[in-house]
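For the sequence shown, numbering that gives the first Met the number 0 gives the first residue as 0, with consecutive numbering after it.
One thing to keep in mind: the hints can contain errors.
[What the hints assert, rightly or not] Straight-line Cα separation of at most 20 Å, EDC-like style, residue types lysine to aspartate or glutamate; simulated pairs:
1. Lys35 with Asp53
2. Lys85 with Glu131
3. Lys68 with Glu3
[Stated by the list, open to error] Pairwise CB distance ranges, derived in the manner of DEER restraints:
4. Leu163 with Gly51: 32 to 42 Å
5. Leu163 with Pro70: 36 to 46 Å
6. Phe177 with Leu26: 19 to 29 Å
7. Gly192 with Gly50: 28 to 38 Å
8. Leu41 with Phe177: 22 to 32 Å
9. Lys35 with Lys173: 40 to 50 Å
10. Ser187 with Ala136: 28 to 38 Å
11. Phe177 with Asp30: 19 to 29 Å
FYI, nobody ran anything at the bench for these hints, they're computed from the structure.
For every residue, glycine included, the Cβ atom is placed at its ideal position computed from N, Cα and C.
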Amino acid sequence: MVFEFFGDKKKAVISMAHIGALPGTPLYDADGGLDKLIDGVLSDIRKLQNGGVDAIMFGNENDRPYVFKAPPEGIAAMTAIVQAVKPELKVPFGVNYLWDPTASVAIGAATGARFVREIFTGLFASDMGLWEPDCAAASRLRHNLGRDDMKLLFNINAEFAHSLDQRPIELRAKSAVFSSMADAILVSGPITGQPADQS
0 MVFEFFGDKK KAVISMAHIG ALPGTPLYDA DGGLDKLIDG VLSDIRKLQN
50 GGVDAIMFGN ENDRPYVFKA PPEGIAAMTA IVQAVKPELK VPFGVNYLWD
100 PTASVAIGAA TGARFVREIF TGLFASDMGL WEPDCAAASR LRHNLGRDDM
150 KLLFNINAEF AHSLDQRPIE LRAKSAVFSS MADAILVSGP ITGQPADQS
């Protein structure tokens, strides 16, 4: 996966800037508010850029328990936070609103993100229930917002879930590229922090 915004690099390091729990979620710190969330993200950005990363991805991993449809207050807050920290960015950035591909595309389009990561395809049994993303809606939204340049990075195996698709993962990857027009395929571990099975 090498995109034009990485220049002539053959490999790129994309690192996460984890936003604290957003408004409307159980772990949200109402006393600290958005200012505390912005300060935390700015601290991450400085450390990551000083470490030499090639890109930063903003995510809402602290919004447990997760939902499939992002609430308006979450979308608004994440958009505001990313917009507030943009002046500090020296590298390309992307967004990932767990686990809503359409919300991720909307936030990415609004903030000028270069890429979006999400579960765009498949059918999964998960901690949150039956997981059935709508890739077509997300792709059409990207096009209708005039952001066909914003790359869609497809996780084809979901964290906290088990695929109900019986096809081998390599066939699911080929299918996602052809039928759903993935710009890149990502393979993750079964739970955050655990590596993918490379066997």
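A quick look at each hint next to the structure:
no.	hint	result
1	Lys35 with Asp53	violated, 26 Å
2	Lys85 with Glu131	violated, 32 Å
3	Lys68 with Glu3	violated, 31 Å
4	Leu163 with Gly51: 32 to 42 Å	holds, 40 Å
5	Leu163 with Pro70: 36 to 46 Å	violated, 26 Å
6	Phe177 with Leu26: 19 to 29 Å	violated, 39 Å
7	Gly192 with Gly50: 28 to 38 Å	violated, 18 Å
8	Leu41 with Phe177: 22 to 32 Å	violated, 40 Å
9	Lys35 with Lys173: 40 to 50 Å	holds, 44 Å
10	Ser187 with Ala136: 28 to 38 Å	violated, 22 Å
11	Phe177 with Asp30: 19 to 29 Å	violated, 49 Å
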